[in-house]
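The whole structure should be built from the sequences, with the hints applied where relevant.
With the first letter of the sequence shown counted as 1, position 28 gets the number 28 in UniProt numbering; the numbers rise by one all the way through.
Misleading hints may appear alongside valid ones.
Restraint ranges, calculated between C-beta atoms of paired labels, are given here [said to hold, decoys possible]:
hint	residue 1	residue 2	range
1	Pro23	Thr56	14 to 20 angstroms
2	Ile16	Ala69	17 to 23 angstroms
3	Ala31	Ala69	18 to 24 angstroms
4	Leu12	Gln49	27 to 33 angstroms
5	Pro23	Ser53	16 to 22 angstroms
6	Gly48	Arg13	17 to 23 angstroms
7	Ala20	Ser53	19 to 25 angstroms
Hints were generated in silico from the structure; no laboratory data involved. Even for Gly, the Cβ is constructed at its ideal location relative to N, Cα and C.
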Amino acid sequence: MQENSLNRAERLRPTIIEVAGEPQGVVVPDADGYRFVAVKLPAFSIDGQHFPSVETAHAAVALAVQDGAGEAA
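Listed below in C-alpha cells is the structure:
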C-alpha cells in the first residue's frame with residue numbers, strides 16, 4: 001500500500017525550470033501535461049500556463065525571461 005503512494009509521489013514531483021543557471025519556476029504534472037509555477041519575477045508572465053511537455057515549458061520560460069530582459073533595458 002505504501003509503495004503505491006511512493007510511486008505516485010515520484011510521478012507528481014515538480015521539475016525545476018532553469019534559464020542561464022537561474023531557477024525560474026517549476027512544472028508540475030497536470031491532467032493534460034504540465035502546469036508552470038513561477039518563482040522568479042521574469043517568469044511571472046507565464047505563471048499558471050499549461051504545456052504538453054517539460055521541454056515546451058522550458059522553451060516558453062526561456063522566451064519569457066528573454067523578453068523580460070529586453071523590457072528592463
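Structure-based check of each hint:
The given range of 14 to 20 angstroms is respected by Pro23 and Thr56, whose C-beta atoms sit roughly 18 angstroms from each other. For Ile16 and Ala69, the Cβ-Cβ distance of about 20 angstroms falls inside the hinted range of 17 to 23 angstroms, so the restraint holds. The supplied range of 18 to 24 angstroms is broken by Ala31 and Ala69, whose beta-carbon atoms lie about 32 angstroms from each other. Hint check: Leu12 to Gln49, Cβ distance near 19 angstroms, so the stated range 27 to 33 angstroms is violated.
Taken as a hint, the range 16 to 22 angstroms holds for the pair Pro23 and Ser53, whose Cβ atoms sit roughly 19 angstroms apart. Checking the proposed 17 to 23 angstroms range against Gly48 and Arg13 shows it holds: the Cβ atoms sit about 19 angstroms from each other. Taking the beta carbon of each, Ala20 and Ser53 are about 21 angstroms apart, inside 19 to 25 angstroms as hinted.
Consistency with the previously given hints fails for numbers 3 and 4, ordered from lowest to highest.
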